[in-house]
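Protein chains: 4
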Amino acid sequence: MKSFASDNWSGVCPEIMETLQKVNNEGHIPAYGELDDPVTLSAITRFKEHFGQQSEIFFVYNGTAANVLGVQHLMRPYEAIISAHTAHMNEDECGAPEKISGSKIYTIETEDGKIKPNDVKPFLRSIGFQHHSQPKVISISQVTETGTVYSREEISVLAGFAHSNNMYLHVDGARIANAAVALGTSFKEMITNTGVDVLSFGGTKNGLMFGEVVVFLKPELAKDFEYSRKQNMQLHSKMRFIAAQFERYLTDGLWKKNASTANQMAHLLAAELQKIPQVELTHDVTANGVFVKLPEEIIPKLQKHYYFHVWNPDISEVRLMCSWDTTRKDIDGFIDALMMELLNNEQM
Amino acid sequence: MKSFASDNWSGVCPEIMETLQKVNNEGHIPAYGELDDPVTLSAITRFKEHFGQQSEIFFVYNGTAANVLGVQHLMRPYEAIISAHTAHMNEDECGAPEKISGSKIYTIETEDGKIKPNDVKPFLRSIGFQHHSQPKVISISQVTETGTVYSREEISVLAGFAHSNNMYLHVDGARIANAAVALGTSFKEMITNTGVDVLSFGGTKNGLMFGEVVVFLKPELAKDFEYSRKQNMQLHSKMRFIAAQFERYLTDGLWKKNASTANQMAHLLAAELQKIPQVELTHDVTANGVFVKLPEEIIPKLQKHYYFHVWNPDISEVRLMCSWDTTRKDIDGFIDALMMELLNNEQM
Amino acid sequence: MKSFASDNWSGVCPEIMETLQKVNNEGHIPAYGELDDPVTLSAITRFKEHFGQQSEIFFVYNGTAANVLGVQHLMRPYEAIISAHTAHMNEDECGAPEKISGSKIYTIETEDGKIKPNDVKPFLRSIGFQHHSQPKVISISQVTETGTVYSREEISVLAGFAHSNNMYLHVDGARIANAAVALGTSFKEMITNTGVDVLSFGGTKNGLMFGEVVVFLKPELAKDFEYSRKQNMQLHSKMRFIAAQFERYLTDGLWKKNASTANQMAHLLAAELQKIPQVELTHDVTANGVFVKLPEEIIPKLQKHYYFHVWNPDISEVRLMCSWDTTRKDIDGFIDALMMELLNNEQM
Amino acid sequence: MKSFASDNWSGVCPEIMETLQKVNNEGHIPAYGELDDPVTLSAITRFKEHFGQQSEIFFVYNGTAANVLGVQHLMRPYEAIISAHTAHMNEDECGAPEKISGSKIYTIETEDGKIKPNDVKPFLRSIGFQHHSQPKVISISQVTETGTVYSREEISVLAGFAHSNNMYLHVDGARIANAAVALGTSFKEMITNTGVDVLSFGGTKNGLMFGEVVVFLKPELAKDFEYSRKQNMQLHSKMRFIAAQFERYLTDGLWKKNASTANQMAHLLAAELQKIPQVELTHDVTANGVFVKLPEEIIPKLQKHYYFHVWNPDISEVRLMCSWDTTRKDIDGFIDALMMELLNNEQM
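Residue numbers (the working numbering), protein chains in the order written: chain G, 51 to 398; chain Y, 51 to 398; chain A, 51 to 398; chain U, 51 to 398.
Isolated chain G (complex conformation) (with noise of 0.2 Å):
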């Protein structure tokens, strides 16, 4: 059965499948990435030709470590991350930045879950008060959680600001090759180019089964993180298992294929439903959600045929994501089921 609830519900692309099948036919190799692992020696070149040689690589567990770790390591807890209200790491990581890091987040109310320079200005009064938490770290997501992309330009705007001001940019890119896909671009135009400091960089979203990547941009930055990542719990033992994933994954357009799919799903279903006139679409697609108004009354029913999220229960707004396994029967099969309900629900 498929869903549409979110691009984790999915499995392992198979080429994944077999490049953990295959590293694990190496026997012994040694553990913690140490040693000159050469799996994971392998796995980190591959991200310094995507992002850069200064770039430093880390493999931790989640998307949730990936931002707490990477934005706590620049900063003090005296000082405060700001992002969009809506971010992932504000509304749902349960307030692991809070307890982790010991700082304060900073929220900016949104329409699109982006957030602007002149969003972050009014944070700046605080600097130098010292009953205020100092401003450090603006945190952006790339796709955001309501399906928008960053252009290339805004990410540079807000990273200039950022340094102008001594901040950070920090990307949560869970989804950043649905973004890279989404914009035409590469990571290194998108990400270092920009000036980013550090990216969260996901890859369980878009096929893989298990890890997340700390990239540090600037080496710098990334001084002594071996030791943060292993006091807060994130240091895996066999570590070819993610290094070899992401090795793959970032090969022969990979990842690149697994985001276009899941694209391509979305803008063809977003098609699809703006042909019908009880739907409305609350958000442009982008990358690979859809955000659309529902009926009410059919929301639990169709949930029944096709999983999917309720995002904002006060208007009756659903989420609706595609993944790399998405395919177009799948979303004709989720237009039929949807117009059945709205047939069965009009005759009520």
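Treat the hints as calculated values from the structure; they're not laboratory data. Everything numeric in this text was worked out from a predicted model, so none of it was measured. Don't take each hint at face value.
Note: identical chains are not told apart, hence a pair may lie in one copy or across any two.
Straight-line distance between alpha carbons at most 25 Å, and here's what the computed BS3-like set of lysine-lysine pairs gives [claimed, not checked]:
{"hint": "1", "residue 1": "273", "residue 2": "171"}
{"hint": "2", "residue 1": "379", "residue 2": "72"}
{"hint": "3", "residue 1": "72", "residue 2": "52"}
{"hint": "4", "residue 1": "268", "residue 2": "166"}
{"hint": "5", "residue 1": "72", "residue 2": "307"}
{"hint": "6", "residue 1": "379", "residue 2": "52"}
{"hint": "7", "residue 1": "325", "residue 2": "354"}
{"hint": "8", "residue 1": "171", "residue 2": "343"}
Position chains Y, A and U relative to chain G; hints supplied.
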């Protein structure tokens, strides 16, 4: 190439690889073990068969997390953990318990890595004295870091002592399967029936790819642990891939088969080593680790044939770990290499 | 020179200075309030007269500590505080609650600094959802940061709402005496009888030198708090000097005398200000703070006569705080200076 | 009644009481040491005279806070403190360093409470090993908890050792004045010139009411400490009352007068005790503490005359602390009581 460095240098056993492939083929499955994900539920059921119906089961990523989060849930920051000085928690987690839980660790010097009630008693003096961390959790490792194994009776006595002093007993079971095989006992007899409160149940060192389990033996102790797991960055999205491994691991005695191999190979290795006059065993072999003193000069040379870790450089002691995939041929090869290096050494 | 900057710019009232001198003359007294230090015991007895015999009393150093430690003791790090966005805890403690307790703060935008059950309700949706911090403590300020005062009925309703949702109610009482005077009520009627769980009882802003009190209204909530106080660096060695101040403060209505003066002076100041057309009150005056809009140009000039803080620069709003030592002459002097600056301003 | 329990059982010396009265008479003064509060500025100036112009001065509430915050500012949570096992920080702060800084403490067993570079060396092996907390701050107590005193040479050697290993040296100076008197040295010679990085400068044990000082000897280490102090709940609002005490303390040799009295009385007490055959000194007396073994039976009886703490119950060792207000008459009274109890004991 094989090594005796650690049981996490080995790969994943074939049964688990097959399971991962199989559970991947099941299409979409709810993330985070939510919405009655059948794979997660089924694995939990299997655990309850082994540990009792009242046990509560939570999957996390690794052993450090299982230790720290399991213990943290039973205490407040002003309460203390009591462990052997050699405990992994104290020695090899880069300060994770202190940072994540905020608690102090009181440590005990031991001969063999095992602690007894009499070792803990001096710390009871701190109870009620507001300037001292209050003893709350006794943590033991089963197998210990020096390869020794607590008997069921010893665990039972420690649990009783803990409870009669308003404390809890935690077991770091990174190698719990090796201990069960060594003792010829079930998990229930060794853990549930002895009165243990919380167990870190490991699998990665015995043939799994990733994942560890926090097992609360008393349901009231588990209350709200799901939030702690999430906040501490240990909730996996594609949960099925941890759950399925453990379900398979606990089925048809796979855990026992793997651990038996490792233990047998360690005994075989020890038997061979004891025949060599220049080699001295420093601990009895009960599980899958062999600790011996070697002539200092040959260590780096021998490591080039089969890598292993120096355990105590002051006395030229090394640790040789056997794994689920160690074979008689590996033992023979190691002994041959050792003999050759000893010979070379004497001729110099 | 006098100011209207804050009630902590004033010194210590004569009765307290005399008490400090007296308790100093008593020679040696056990440190840390231990060994039945009679001064500490006596102060605790006095508190119990005001708050009920079941209350539990702990002296700490300042208001931030009383807030953070009082609240922290009622929750785990994955649980959340809910407060007005303007709360001192959220705005002016440099992220202390987040760092010290590890908890997230959910904030509410308010008109007047006061929150109602309906403001809290949306956060209840997070209960049981493992990705969200779990609401646990509602924290209100009495007097609020905008000078308003909750009625006993309002506190009682909030406490009932909290309890019926498995939450607690905390009151930041940095200016609790001013509130009691404003409401014409006792502490017991306002706090104990309304169902409050923990109170930060302040005195420094009302004539004391240092010290603040965590008052648990229900003894079971106070369990082990002495260890938390010590671990969080808030246990004073020469405890008698905090205890004696509070005993005197709660004797012969000293708290009431000081707070009455401050409140009366605020009302007088407000009455005078309302006569001036260029001045606009932004909040009703109930306790000892007066919030007004002034012509922007005169603010820095007027601050040279009598210093005060700009509250909201966007609307040229300032805060004028009266203290236990504010006199009618101070009010007259301020009004004269204001009139002069208004005149100068118009002539320019 | 006098005691020999601790130098914090005594009250406040007359000069300080007078100063508190005087600074209270100055009317309104900016809170938090802000806006160029002249009292705070003047106290800082005085400190710079004693420690050098480059030193940076921060007032906090107590010694635990000075220790924890001073050390925390020099390290990240994955870095470790190294101290004697007997250090106050390790033994008597209820786990504050671990909770507040997140760091581990590596401890050293000592004869006399003093550590030497050779004691620290074994911990250097952990440097660069990602599973171990990274040694970062060596912390010593001057006077130590067993009453001994480091020579300037010893401090200098430790500082050099720390710096040459990329570490810092912290001094817990709860009794720093007693040490300076014992060594016949200035603070500058003992602390600044020996290369110490950060000092907890105590006064409460030597005649003050409350307050302690974090002295950074190198300005770059102090950067942003004001935010840490606030976030960790150690910023006093009526700052003048801490600042004025310390200014007076450092003026006209008050610190020296008080400490000299305490030290002299300790020497006198020790001299008298050495005349008694049933009493055995366990440490040389250098500062204001005397450690002796007494016949076990008489301890509780003697405590009723003059209270004191049992230090090591296993060997019937007690600690007798002298204070700024201890007199020859107190010594005589204590010796008389001791002789009487010894006599009674023998007659039983």
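Outcome of the hint check:
Proximity of residue 273 to residue 171 under the C-alpha cut-off of 25 Å is restricted to the inter-copy arrangement: shortest distance 23 Å between copies versus 29 Å within a copy. Proximity of residue 379 to residue 72 under the C-alpha cut-off of 25 Å is restricted to the inter-copy arrangement: shortest distance 23 Å between copies versus 32 Å within a copy. In this homomeric assembly, residue 72 and residue 52 come within 25 Å of each other (Cα to Cα) only across copies, at 17 Å, whereas the closest approach inside a single copy is 28 Å. Only within a single protomer do residue 268 and residue 166 lie at most 25 Å apart by alpha-carbon distance; the minimum there is 23 Å, versus 39 Å between protomers.
Within a single copy, residue 72 and residue 307 get their C-alpha atoms as close as 21 Å, and across copies as close as 24 Å, so both meet the 25 Å cut-off. In this assembly of identical chains, the alpha carbons of residue 379 and residue 52 lie at most 25 Å apart only when taken from the same copy (10 Å versus 48 Å across copies). For the identical chains of this complex, residue 325 and residue 354 are intra-copy neighbours only, at 23 Å inside a copy versus 67 Å across copies, given an alpha-carbon limit of 25 Å. Only between protomers do residue 171 and residue 343 lie at most 25 Å apart by alpha-carbon distance; the minimum there is 24 Å, versus 33 Å within a single protomer.
In this structure, none of the earlier numbered hints is contradicted; all agree with it.
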